[in-house]
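> Respectively, the protein sequence lines represent chains X and Y. Under the working numbering, think of the first position of the first sequence as 1, with each following residue one higher. Under the working numbering, think of the first position of the second sequence as 1001, with each following residue one higher.
Calculated from the structure, these hints are not laboratory results. Hints are not guaranteed to be accurate.
Unchecked claim - Here are a few chain X residues that sit away from chain Y, every Cβ distance over 12 Å (derived from the structure):
no.	residue
1	T16
2	L23
3	Y163
4	A176
5	S187
6	S191
7	G208
8	D221
9	I301
10	L305
11	V365
12	A380
Unchecked claim - No more than 25 Å apart at the CA atoms, straight line, and that leaves these computed lysine to any residue pairs for SDA-like:
no.	chain 1	residue 1	chain 2	residue 2
13	X	K12	Y	R1119
14	Y	K1159	Y	I1002
15	X	K381	Y	E1102
Glycine included, C-beta positions come from ideal geometry on N, C-alpha and C.
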Amino acid sequence: MNVKQSLLMALKSMKTSKMRSFLTMLGIVIGVASVIILISIMNGLSDQITSNLKNAGTDNITVNVFGRGGNRSFQYDDMERVVAENPTFFTSFSPNVNASVTVKNGTKSVSTSVRGTNEYYQDIQSVEVEAGRFLEFVDVERLQKVCVIGSYIAEELFDGSVYEDSTVKINGSTYAVVGVLKETAKSEEASADDIVYIPYSTATRLSGNSNIGNWVVKAADVSNIDAAITELRDKLYLVYGDSSSYRVSSMSQLIETLNEITSSISMVLVGIAGISLVVGGIGIMNIMLVSVTERTREIGIRKALGARRRAILSQFIIEAATTSAAGGIIGIILGIVLALVAGSLLDMAVKPSINAVLIAFGVSVAIGMVFGYFPAGKAAKLHPIDALRYE
Amino acid sequence: MIQLIDIYKIYPMGDEEVHALDGISLDIKEREFVAIIGQSGSGKSTCMNIIGCLDVPTSGSYLLNGQDVSAMSDDQQAHFRNKTVGFVFQQYNLIQKLTAYENVELPLIYRGVHERDRREVVMEALEKVGIADKHKNLPNQLSGGQQQRVSIARALAGKPSLILADEPTGALDSRTGAEMLDFLQQLNGEGHTLVLITHDMNVASRAKRVVSLSDGRIVEDKEVRH
Ligand SMILES: Nc1ncnc2c1ncn2[C@@H]1O[C@H](COP(=O)(O)OP(=O)(O)OP(=O)(O)O)[C@@H](O)[C@H]1O
Ligand SMILES: [Mg+2]
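Sequences and hints are given; from them, build the entire structure.
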């Protein structure tokens, strides 16, 4: 008995008993569909996170300093020297001095955060200026009271019309507005547009703390970013003598870690969904056992006509595999459709992967074969006369 | 061709034993037409099942073309049934899900005949029994006589040298039954060995040799002159 013949026979018996075949497949359908949905959602999620993080620049190294380091701390000059001495690792850097402030224009006022940076920050973080200019070297060098405001601030304080001589009061001191940033996040409160940039030197004075706790350093070569990070850590260790006083990390490391986390979460979820595949397999085994009993006489006739054990065995295994493969295909289609529906309802990026589809199909065929083997073996071992006499 | 030597078939029934066959010795030569006759329960079907390798005797030996059947594996016996034996059962034993055509095709599939070559053989066999026009019908769309024709076509399709027919006319009216017997007799004329099981002396009288069974023993074995 060849494979094609068994396959046709299996499809035929599926067609004649649709309800039973569907119920048999249901476990596989649910299992495969949930695996596909989970993988699609996790894939979409991790793509979204990765692309968000990539926008923030994969060549950026973030340095956080927590320790006060006794009598000495890592200052602007120290960072400047490290960057200048290692042109193969670093191209530029900027401090990030953050503070919460109140910004006023006449009677209008908003609470926002200021960020003190130097002139390189614009390039490092790809900040785009809508009107005017970003901070410049002289502003930083001379502790100028100038600021570049985000579109949300421009909207709130100036109704969008900022002039060359516009000024704001930050915590009471007057700052000249030299630039307005391009809108990046619909000018909403607490978004990336709700920010004011001032020279870092001015900012340390404003916050009354001369220690810089946060830096961003641009790596010269992303592929060499690990060595660059090591270099920075070595330099920081020389100052603080304690590796827990600072943290140096990069966006690409972060992406890597996040990808590891999302992939292990999806492994767990898929594993759980996989349990229903096993349950589905047991359902198939159950129905196949019933079917072998029901068709004992048929098996007897086939044996009387000269079917060998292998022929009967393969007939039932192929039947089980066909059933679960059909369940797998339905599950794949259902899973993709549901994932896309869920994605559009929840406004999430979903990404069904061809690999997941292929694996799901392969696994469902394999489950049919594994769980079909026992009933098929039972059928193959029947004695012809016993099977023929069976009523 | 067939040599049964002191065959016993014993079924345990509670404390007792049923001797379905109680020491049977029988020789059947190629091209013979043998009728096995006896009352219900005399062991005819049991005997046929053993001859057809569907069942194994409790003791005794069965030589098939000189070869001991008890030494053959399951698959070798399956091979033998497939190549050499054509069964015609009282209850037809057609597979209900398969059409007449597909039923007749089965022995050829198990023999490994290619799809192209099967078609011709199957249609030829169906034509021979006069039912080619119904080859797409399922068994339950056929009358009893038509089903028995299909089962004879199935027995024929593999061109077996031995045809075993167990009460082939049992479920048919006498005219249809006679037609079936004509077929079988014709096949014997064409060179197939024919073993016909019946409890009807009229049917048995068509055979060249009649073996009478009673309580699992042979009580008479005679040539019939026509
Ligand atoms: N599987 C079995 N278990 C127990 N006893 C059996 C079994 N098969 C047959 N027998 C017994 O063996 C004896 C012979 O049975 P067999 O079927 O060969 O009779 P038969 O001559 O074909 O009868 P009939 O003309 O009614 O078909 C009977 O007494 C029957 O009860
Ligand atoms: Mg009988």
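> For each hint, tell me whether it holds in the structure or not.
Status of each hint after checking the structure:
Not every beta carbon of chain Y lies more than 12 Å from that of T16 (chain X), the smallest distance being close to 7 Å; the non-interface claim is violated. Distance check on L23 (chain X): its Cβ is at least 20 Å (rounded) from any Cβ of chain Y, clearing the 12 Å threshold; non-interface status holds. Listed as a non-interface residue, Y163 (chain X) keeps its Cβ farther than 12 Å from every Cβ of chain Y; the least gap is roughly 88 Å. With a least beta-carbon separation of about 90 Å from chain Y, A176 (chain X) lies farther than 12 Å from that chain, consistent with its non-interface assignment.
A cut-off of 12 Å between C-beta atoms confirms that S187 (chain X) is not in contact with chain Y; the least separation is 71 Å. The claim that S191 (chain X) is not at the interface with chain Y holds, since no C-beta of that chain comes within 12 Å of its own (minimum 67 Å). The beta carbon of G208 (chain X) sits about 90 Å from the closest Cβ of chain Y, which is more than 12 Å, so the claim that it is off the interface holds. The beta carbon of D221 (chain X) is kept farther than 12 Å from every beta carbon of chain Y, the shortest such distance being approximately 65 Å.
The claim that I301 (chain X) is not at the interface with chain Y is violated, since a C-beta of that chain comes within 12 Å of its own (minimum 5 Å). Separation of L305 (chain X) from chain Y is inadequate, the least Cβ-Cβ distance of about 5 Å not exceeding the 12 Å criterion. Every beta carbon of chain Y lies more than 12 Å from that of V365 (chain X), the smallest distance being close to 24 Å; the non-interface claim holds. A cut-off of 12 Å between C-beta atoms contradicts the statement that A380 (chain X) is not in contact with chain Y; the least separation is 9 Å.
Pair hint K12 (chain X) plus R1119 (chain Y) holds up; C-alpha atoms about 20 Å apart against a cutoff of 25 Å. The straight-line distance between the Cα atoms of K1159 (chain Y) and I1002 (chain Y) is roughly 18 Å, inside the 25 Å bound, and the hint therefore holds. For the hint pairing K381 (chain X) with E1102 (chain Y), the CA-to-CA distance comes to about 24 Å; that is within 25 Å, so the pair holds.
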